[in-house]
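Given the coordinates of chain A, work out where chain B should sit on it, guided by the hints.
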Amino acid sequence: MSGKVKEQEAIPVSKVQRAAKFISTGAKVGGNYVKHYAKKMVNPSMNKEELHQNNATDIYNSLSELKGSALKVAQMMSMDKNLLPRAYQDKFTMAQYSAPPLSFPLVVKTFQKYFGKTPESLFDTFTRSAVNAASIGQVHQATKNGKTFAVKIQYPGVADSVSSDLKLVRPFALRLLNMNERELDHYMEEVEERLIEETDYHLEVERSREISQACAHIPNLKFPSYYDEFSSERIITMDWIAGKHIKEWMETNPSQKLKNQVGQALWDFYHHQVHNLKQVHADPHPGNFIVQEDGTLGIIDFGCVKVIPEDFYQGYFALIKKELVVNEVELNQIFYGLDFISDKDTEEEKIYFKGVFKEMISLLGKPFHVDRFDFADDRYFEQIFQLGDRISNDRMFKKSRQARGSRHGLYINRTYFGLYNLLNQLQAEVDTTKPEWLK
Amino acid sequence: METTPVKKTTKKDYRKLILEGYVSHVLEHGAEPTSVFKFAKDLKMKEEEFYSHFTSFESIKSAIWVSIFDTTLEQIETQEVFKEYSVREKFLSFLFTWIEELKKNRSYLLSLYQDKSKSFKSLPSDTKEFKEKFKDFASEIILEGKETQEIASRPLISDRYDEALWLQVAFVFRYWLDDRSPRFEKTDAAIEKSVNLAFDLMGKSALDSFLDFAKFLYQNK
Numbered sequence: 001m002s003g004k005v006k007e008q009e010a011i012p013v014s015k016v017q018r019a020a021k022f023i024s025t026g027a028k029v030g031g032n033y034v035k036h037y038a039k040k041m042v043n044p045s046m047n048k049e050e051l052h053q054n055n056a057t058d059i060y061n062s063l064s065e066l067k068g069s070a071l072k073v074a075q076m077m078s079m080d081k082n083l084l085p086r087a088y089q090d091k092f093t094m095a096q097y098s099a100p101p102l103s104f105p106l107v108v109k110t111f112q113k114y115f116g117k118t119p120e121s122l123f124d125t126f127t128r129s130a131v132n133a134a135s136i137g138q139v140h141q142a143t144k145n146g147k148t149f150a151v152k153i154q155y156p157g158v159a160d161s162v163s164s165d166l167k168l169v170r171p172f173a174l175r176l177l178n179m180n181e182r183e184l185d186h187y188m189e190e191v192e193e194r195l196i197e198e199t200d201y202h203l204e205v206e207r208s209r210e211i212s213q214a215c216a217h218i219p220n221l222k223f224p225s226y227y228d229e230f231s232s233e234r235i236i237t238m239d240w241i242a243g244k245h246i247k248e249w250m251e252t253n254p255s256q257k258l259k260n261q262v263g264q265a266l267w268d269f270y271h272h273q274v275h276n277l278k279q280v281h282a283d284p285h286p287g288n289f290i291v292q293e294d295g296t297l298g299i300i301d302f303g304c305v306k307v308i309p310e311d312f313y314q315g316y317f318a319l320i321k322k323e324l325v326v327n328e329v330e331l332n333q334i335f336y337g338l339d340f341i342s343d344k345d346t347e348e349e350k351i352y353f354k355g356v357f358k359e360m361i362s363l364l365g366k367p368f369h370v371d372r373f374d375f376a377d378d379r380y381f382e383q384i385f386q387l388g389d390r391i392s393n394d395r396m397f398k399k400s401r402q403a404r405g406s407r408h409g410l411y412i413n414r415t416y417f418g419l420y421n422l423l424n425q426l427q428a429e430v431d432t433t434k435p436e437w438l439k
Numbered sequence: 001m002e003t004t005p006v007k008k009t010t011k012k013d014y015r016k017l018i019l020e021g022y023v024s025h026v027l028e029h030g031a032e033p034t035s036v037f038k039f040a041k042d043l044k045m046k047e048e049e050f051y052s053h054f055t056s057f058e059s060i061k062s063a064i065w066v067s068i069f070d071t072t073l074e075q076i077e078t079q080e081v082f083k084e085y086s087v088r089e090k091f092l093s094f095l096f097t098w099i100e101e102l103k104k105n106r107s108y109l110l111s112l113y114q115d116k117s118k119s120f121k122s123l124p125s126d127t128k129e130f131k132e133k134f135k136d137f138a139s140e141i142i143l144e145g146k147e148t149q150e151i152a153s154r155p156l157i158s159d160r161y162d163e164a165l166w167l168q169v170a171f172v173f174r175y176w177l178d179d180r181s182p183r184f185e186k187t188d189a190a191i192e193k194s195v196n197l198a199f200d201l202m203g204k205s206a207l208d209s210f211l212d213f214a215k216f217l218y219q220n221k
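First to last, the sequence lines map onto chains A and B.
Per UniProt numbering, the first sequence starts with residue 1, numbered consecutively.
Per UniProt numbering, the second sequence starts with residue 1, numbered consecutively.
One chain only, chain A, in its complex shape (with noise of 0.2 Å):
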């Protein structure tokens, strides 16, 4: 049989395949800036937009079809919202709501595989077609005695090539991120710690049980209940939770007091989980929030929890202290303790980067600094968006070889962000509460 040698040849090849995606992207990308070059020739008023404009969608493309973790980095990066150039952001945004699906039959040989039924035996009805992408897996409908429930079915295979999936998405992490590699593998170690346990089901189903109990007493919060008998390591079957993404909700323009609603809801739920049980749903990102006809706000996926150490929380929240900013010796100590400087740094290093993260400090606390804040405020975000920009392009900056910050501030800095976007998104002005001890 003449495939027997291509056969062998085969098995290889799909990591080569892959990879070759990945070099097509590349050769896209280097392209795209070719051509704004020629352009620009032409017509020497250009911007980068465009550019970007062109790099975000060859990238993403490949991105989504390899899906996956590959895709969960997408929807990081499109979360770091302060670090990318716009046009990434808007394309990246995407990958949070549609990936290409599994097919039927796949579905149901993943449910004979666990349940050893399909699943129109083991429901009433089951939706043929996913309803929604998830991360790294689909959602479909399913309706039993009359009630409705979102079935999640993860993609086989994911668990396991994470890592090889993170190892690929590197060089293009570098590239877009601007981060030098060290700095980069510091980080990626937590990614790729978060992403093994997102791929866990039956940790997912506890974790989500355990938050959603410690954070009932929260008034406007609706959590799904969680059906052991049908979810397994690669399904999860939980409440179907009727409503809107903020983003479709937001265009049926609802009332400022509803808006205030959710938005302080949303706040509630992230102070409980931060400063109380210390552990926190550290995915903000719109997909994973319903809102409800009555302005409940509904939270349905818990992949992705962060545990945050007690001596990092000490240290992180004690920078939001508005005094703080001027006393230099007890912020020094904390900056050192969060590793934003060490003593590999030269003088002139620690002069600069001290002036940098003191002014993001002062600027991302500001919501902290007063009793009330309002997120609709567009100039806001503009500054933080202005001063990322400005940072990392400062050449300062880019020649350092250090890593900078405590791998632990990757998932709390990427929460808080998707926080105060959602929060900007709702237009919402809240509450913004603080624990006793920073008051």
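Mixed in with the good hints there might be a few duds.
Derived pair list, reagent style DSS-like, types lysine-lysine, alpha-carbon separation capped at 30 Å [said to hold, decoys possible]:
hint, chain 1, residue 1, chain 2, residue 2
1, A, K244, A, K144
2, B, K90, A, K117
3, A, K117, B, K116
4, A, K117, B, K83
5, B, K135, B, K116
6, B, K193, A, K113
7, A, K147, B, K83
8, A, K113, B, K121
9, A, K113, B, K204
10, A, K113, B, K44
11, B, K103, B, K16
If you're looking for bench data, these hints aren't it; they were derived computationally from the structure.
Frame of chain A, contents of chain B only:
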């Protein structure tokens, strides 16, 4: 009249006995029996009896492949949704079910075909009959796909599509033999991705439009 069905069942039983005996021999000894004589003796039957069902060990192996294929077809036909599937989904469903059937015989298949240099010779001859039957099944799917426009008819190439699907089956088998992932999840992913690629290639694509356009330019030069 009454005796014929009885005869048939005893005949069938012998056939089954030989098949099962052969599989368990391979499982226990890690190799084929040394001779038909020895094998028949172990099963407490005469060598002639053996030959009235099978002519050689090769024909037994062939029959096992065919029976796996037949069970697969039976399996998928019991699924109600199968009829509603697009041809792409039908083929996916076939492969997923087939792999499940193979799983039941994994040890047997591993001991016969894991060694690549040896199976390089034996696999093609063992699967000859299976291949014929599979190609019938594939042709049906391809025909249906052409009707539903899921598969584009292309001169010369589209006659070889059944051959292409067969290569895919062979690829999946090889991949599965070497798969070390828990629950053979990698094989599932490999099936999904390779079938999608195959059907994307067979479907109408930019290439067809390009060829059409090129032909037009050439003819109207």
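If you check each hint against the structure, which ones fail?
3, 8, 9 and 10
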